[in-house]
Amino acid sequence: MSAQPLNFVPASEFKQRAAVAVADEHLRKSFRGAMDFLINKRAAQFPDPEALEGQRSLAEHIRKYSLARLPDLLEQLERKLTANGVKVHWAENAHEACAIIIGIAQRHSTRLMVKGKSMVSEEVELNHAMADVGIEALESDMGEYIVQLDGEKPSHIIMPAIHKTKEQIARLFAAKVPGASYTDSVDELIGIGRAVLREKFMTAEVGMSGVNFAVAETGTLCLVENEGNGRMCTTVPDVHIAITGIEKVVEKLEHVPPLFGLLTRSATGQAITTYFNMISGPRQPGEKDGPREVHLVLVDNGRTQAYSDQQMRATLQCIRCGACMNHCPVYTRIGGHAYGTTYPGPIGEIISPHMMGLAATHVLPTASTLCGACGEVCPVRIPIPELLVRLRGEAQHEARPGHPPMVGQGAARSRLVDAIWSGWMALYTRPKLYRAFGWLATRLRVLTPPMQGGWTVSRTPMKPAAKTLHELMAARKRGR
Amino acid sequence: MSARDNILRRLRAAPQGQTPLPPDVGAFHAALAAAAPVGTRASRIELFCEKMTFWHGEVVRVTRNNWPQKLRELCAARGIRSLLYGAQGEHARALEAAGIDGLKPYDRPVDEWKKELFEDTDAGLTSTRGGIAETGTLIIWPDAAEPRLLSLVPPIHFALLDGDRLYDTLFQAISEQQWSDGMPTNALLVSGPSKTADIQVTLAYGAHGPKELIVLLLVNEEEQA
Chain A
1 MSAQPLNFVP ASEFKQRAAV AVADEHLRKS FRGAMDFLIN KRAAQFPDPE
51 ALEGQRSLAE HIRKYSLARL PDLLEQLERK LTANGVKVHW AENAHEACAI
101 IIGIAQRHST RLMVKGKSMV SEEVELNHAM ADVGIEALES DMGEYIVQLD
151 GEKPSHIIMP AIHKTKEQIA RLFAAKVPGA SYTDSVDELI GIGRAVLREK
201 FMTAEVGMSG VNFAVAETGT LCLVENEGNG RMCTTVPDVH IAITGIEKVV
251 EKLEHVPPLF GLLTRSATGQ AITTYFNMIS GPRQPGEKDG PREVHLVLVD
301 NGRTQAYSDQ QMRATLQCIR CGACMNHCPV YTRIGGHAYG TTYPGPIGEI
351 ISPHMMGLAA THVLPTASTL CGACGEVCPV RIPIPELLVR LRGEAQHEAR
401 PGHPPMVGQG AARSRLVDAI WSGWMALYTR PKLYRAFGWL ATRLRVLTPP
451 MQGGWTVSRT PMKPAAKTLH ELMAARKRGR
Chain B
481 MSARDNILRR LRAAPQGQTP LPPDVGAFHA ALAAAAPVGT RASRIELFCE
531 KMTFWHGEVV RVTRNNWPQK LRELCAARGI RSLLYGAQGE HARALEAAGI
581 DGLKPYDRPV DEWKKELFED TDAGLTSTRG GIAETGTLII WPDAAEPRLL
631 SLVPPIHFAL LDGDRLYDTL FQAISEQQWS DGMPTNALLV SGPSKTADIQ
681 VTLAYGAHGP KELIVLLLVN EEEQA
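Chains A and B are the protein sequences, given in the same order. Per our numbering, the very first residue in the first sequence carries number 1; after that it's consecutive. Per our numbering, the very first residue in the second sequence carries number 481; after that it's consecutive.
Any given hint could be a false lead.
Unchecked claim - Pairs of lysine-lysine residues, derived as DSSO-like cross-links and limited to a Cα-Cα distance of at most 30 Å, are as follows:
#1 691/B to 166/A
#2 550/B to 200/A
#3 595/B to 176/A
#4 584/B to 200/A
#5 87/A to 594/B
Hints are computed from structural coordinates only; laboratory data are not their basis.
Using the sequences and the accompanying hints, generate a full structural model.
The structure is reproduced here in structure tokens:
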């Protein structure tokens with residue numbers, strides 16, 4: 001586990017960014033519109049609630065079973081892939097993952113690496129690491145290409161450029177793509193991206209991809225996509241490097257269809273994506289294309305911490321559909337960038353503390369109203385609200401007996417809050433003291449200040465009632 | 481200790497509850513199938529065509545005898561100057577006999593002619609291993625005879641699909657064709673031409689792969705209409 005979190009995200013910055021985002025009418029309109037679109041598309045795919053629950057039960061079962069057998073399945077996957085001619089690498093943290101990939105790229109004197117969509121590569125900050133050694137890592141998913149061209153990061157795990165309007169993209173292309181003139185036709189903009197990137201697929205020495213499912217029994221890496229850039233990256237260059245978190249493995253090929261069907265329906269409301277790409281090995285003698293080398297980098301980066309707690313292990317059931325963020329009232333209002341982490345929204349709030357430590361991320365689990373929408377739509381039934389509450393607690397107290405401390409355990413603990421809770425406990429466990437406090441508070445109500453710190457920023461001030469509930473009840477009894 | 485050993489050690493040291501029983505995906509599908517009307521060849525063909533059309537794929541019904549001629553007409557109508565195919569593929573002889581202009585075999589490693597493939601090839605033809613009715617999906621297993629890029633790089637992709645090889649679901653295809661006995665280096669499911677909705681959730685076709693997908697569906701004479 002990395003001792004030093006890679007991207008420290010101070011809590012105060014999250015709150016500032018959230019405040020700025022909430023005040024940005026244009027951003028809110030973009031997200032509201034896009035999220036409503038995705039919510040409706042998903043709902044149309046699940047007309048029968050009973051059937052959906054059956055599918056969720058099966059998918060949850062498959063993920064729980066796979067996680068229960070995770071170490072065995074990882075070893076089986078490694079054996080199978082190795083037998084198929086794929087080289088398997090293991091990385092404990094982001095730094096190791098980048099070093100492995102840089103090593104492979106440098107062995108092939110790589111100048112250009114084309115990338116298919118991979119959230120794990122964002123998580124380990126691969127593009128920066130590659131730039132530091134002078135290798136261009138070019139994103140080729142249209143949305144990722146757009147945000148990279150503008151020096152930004154994705155704001156949604158499935159739709160990376162959702163925060164941009166087509167006019168903004170039109171201006172970006174006109175300014176940054178050589179030879180492109182201004183057009184706000186979506187077809188023409190996609191045409192420009194297509195032309196630029198096909199040239200790059202042809203010349204890149206290395207292609208990268210993520211992995212949606214890794215199948216242990218056959219040694220197969222499955223990739224889900226619509227655009228075809230994933231197939232380009234994994235087929236045209238001489239070397240293909242896939243990167244994935246250790247939790248993505250399933251035992252059997254037949255375990256894939258239920259997860260795949262729920263993934264695409266939950267993510268974008270599609271019954272299936274254009275391409276489902278299953279890679280089991282490099283180019284064989286006689287074959288005329290495909291990479292000559294295939295590598296898989298298995299990344300831990302805090303996942304074993306989540307795994308070692310039976311409740312928090314459910315975090316690793318995630319298949320990265322993004323439905324939780326699409327349905328989150330907080331995410332919809334502040335957008336993905338405000339979180340400052342690779343994975344935004346509810347899933348980001350429960351996974352980031354394991355990747356980056358609670359010291360950097362303890363504010364994230366509080367960015368939720370606990371309305372429960374995320375848990376309700378999760379196709380693999382991760383109890384996200386329960387995990388948010390659990391993490392809020394872990395940030396406030398020492399590890400409970402029998403639980404190993406998390407990285408950054410108790411990081412949000414403050415003397416003031418501790419003192420307030422001690423006072424609360426003293427009052428509420430001593431009836432006489434409680435009554436005396438109530439009597440005093442109601443009698444001194446005229447002294448309540450009109451400004452009450454954070455509370456009155458957007459709410460009316462709190463003021464005790466004229467009489468305590470005890471007094472009111474006693475009066476009622478007398479009157480009867 | 482290597483990273484591998486450390487990761488596996490941490491995983492094995494984690495408290496283990498009871499391992500759930502292996503999921504029975506077969507039983508799940510059997511229960512669904514029992515509740516639904518029995519799929520027939522005709523219903524599968526109907527559903528496949530409907531779904532493939534929904535994905536912006538075009539389905540043309542052809543027969544074993546007339547498909548090369550139909551393909552020739554389709555190519556001529558679109559002004560296709562070059563049609564890439566697998567020279568050792570199962571349909572190569574029939575194709576070569578049809579007199580299609582610009583027929584081009586994919587007969588050498590891509591490294592020798594990458595630029596021509598990307599910049600000067602209008603269309604590609606592949607066979608398929610079957611189709612999935614539920615989602616309007618082609619199953620393609622590229623091999624030495626029909627390489628991987630045949631279905632990806634040319635802007636138009638023609639795929640020959642046998643109506644006898646339609647399955648109701650992906651699960652049925654995987655189990656009946658016994659994929660777990662051995663997967664090829666690359667296997668694909670393809671549902672329509674490539675697309676993206678990354679700009680303002682507006683759907684656009686022809687993202688990085690083919691702009692058009694035309695399925696030549698092999699049916700009997702009487703099913704052709």
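Tested hints:
Distance check on the hinted pair: residue 691/B and residue 166/A sit about 21 Å apart at the alpha-carbon level, within 30 Å; holds. The hinted pair formed by residue 550/B and residue 200/A fails the criterion: a straight-line CA distance of about 36 Å is larger than 30 Å. Restraint check for residue 595/B and residue 176/A: satisfied, since their Cα atoms lie roughly 25 Å apart, inside the 30 Å limit. At roughly 24 Å between alpha-carbon atoms, residue 584/B and residue 200/A fall within 30 Å of each other, so this suggested pair holds.
Between residue 87/A and residue 594/B the alpha-carbon distance is near 26 Å, which keeps this suggested pair within the 30 Å criterion.
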